[in-house]
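Novice: One-letter residues, chain by chain:
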Amino acid sequence: MHILVVGGGMGGTILANNLARRLSGELEQGSAKITMLSASDKHMYQPGLLYVAVGKMSTSELYRDQKSLLESSIDFHVDPVEKFDMDNNSVTTKSGKKISYDILCIATGSRGHAEGIPGLAEHSCQFYTEADALNMYKTLQKFEGGKVVVATGVPHKCPMSPLEITFFLIDYFKKRGIWDKVDLHYTYPIGRVHSLEPVANWAAPEFDKLGVTYETLFNMKEVVPGKVLSEEDSSAEFDLLVTVPPHKGMQVIEDNDLGKGGFIPTDKKKLNMEGRENVYVLGDTTNLPISKAGSTAHFEAEALGENIAAIVQQGEPVRDYDGKVFCFIEAGDGKATYAMFNYDNPPNPQAPTSGLHWFKTAYNRMYWASARGII
Amino acid sequence: MSERILVDAKNTFCPGPLMELISNMKMAEVGEELELLSTDEGSAADIPEWINKVGHEIVDSFKEDEVLHIIVKKIK
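If you're matching them up, the sequences are chains A and B in order.
The opening position of the first sequence corresponds to residue 0 in numbering that gives the first Met the number 0, with each subsequent residue numbered one higher.
The opening position of the second sequence corresponds to residue 0 in numbering that gives the first Met the number 0, with each subsequent residue numbered one higher.
Treat the hints with care, as some may be off.
Unchecked claim - Selected chain A positions facing chain B (Cβ under 10 Å, derived; list incomplete):
id, residue
1, A130
2, V153
3, R191
4, E196
5, V198
6, L216
7, K291
8, G322
Think of the hints as simulated: they come from the structure by calculation, not from any bench.
Ideal Cβ positions, reconstructed from N, Cα and C, are used throughout, including at glycine.
Turn these sequences into a full structure, and let the hints steer you where they fit.
Specialist: Here it is in structure tokens:
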């Protein structure tokens, strides 16, 4: 039984390690094999980019060698997939190799797509790649005050990031002693300041206390120098525009017609690609209406690891993914909170505390153990 | 007329039904219809508010087995 994992981000790595441990006997006997194909020999801790953008983390803390995170029984290759031939259970890689599989797991992730909104890439700062996060930090360092607008595209990775970057910007400007020279204006696509109502109910009064103005039902349509225009016929003027850009799935998903916008139609409980019983999808690559967040990929990987191992060993999956998501929320001023929910239970976040901020800070370093599947 | 796009946002909290609808509207072609399924009571008010503000069209809206169905058409 050959299990092929495409993508070496958080979801793919946790899944491959989980399977390698559950199937250690089969791997040793040669009755099962796990192969991972990735675009890079490095693994990035993507949530760290938010911290790099405001000078709270260095880029050297973002990376580990991918091979060092994987169980030694996993056959790892830096050779991204270019073609999926699902009718014949095979893929073709960039180097031209054709690889057959019995079970395929796709975890290729998503990417910021500022280019989807005219003028946004040219006139904004963002933090979804190392280069962009560093550029944002350099831009902030030169900023001496004025109108700052935070604007968010749809869909986007990590639903907490619009609030987190806003609170981090306030911390940053206060630390530099220029907060009194900044007018900070927060915009958000839906009718409150965050998707989660309890989080919005907490954040809006915080904004009021801090003097942050906000506008909801604001979806970016176009950005021109000094002004962002919305689909709702509104606009906001800025000296500095910070954006959480709209996201797309990876190009290879679109090129192979696997899903609109690069997101693959996925069964919300079984996590198989719709219409394909031996193809599973996890993390940002799915089209599921849940948070595109590392924790989502993590919990999906655990459910899939258990199921795929059960399929190999006894022919049937044993559990459903329950929609579990756990997100830290950095609230600025050295405090944080979290939101945890699944398909059946709504979140009930508590007031931010300094203890949770330090736990999040510790998690930033414990992540590597999480990717290895140790915690 | 192409097939109606189904946006199943039942029992989802984050990013939630309106954000899912906006996301799918962006990927849809002008003239296409989308059917949003939501169990969020707030959808009955906030979906029409956004649709009207942007200038799209509510085609139909009804509740069946505790699930709100809102059918919208992308106008621009």
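Novice: State for each hint whether it applies.
Specialist: Verification of the supplied hints:
At its closest, the beta carbon of A130/A sits 25 Å from a beta carbon of chain B; the interface hint therefore is violated under the 10 Å criterion. Because the smallest distance between the Cβ of V153/A and any Cβ of chain B comes to about 5 Å, under 10 Å, the interface hint for this residue holds. A distance limit of 10 Å between C-beta atoms decides the matter here; for R191/A the minimum to chain B is near 9 Å, and the interface restraint holds. Checking E196/A against chain B: minimum C-beta separation of about 8 Å stays under 10 Å; hint holds.
Interface hint status for V198/A: upheld, as the beta-carbon distance to the closest one in chain B is roughly 9 Å, under 10 Å. A least Cβ separation of about 6 Å between L216/A and chain B falls short of the 10 Å threshold, and the interface hint therefore holds. Look at K291/A: its Cβ gets to within about 8 Å of chain B, closer than 10 Å, so that hint holds up. A distance limit of 10 Å between C-beta atoms decides the matter here; for G322/A the minimum to chain B is near 7 Å, and the interface restraint holds.
Violated hint for the displayed structure: number 1, the only one.
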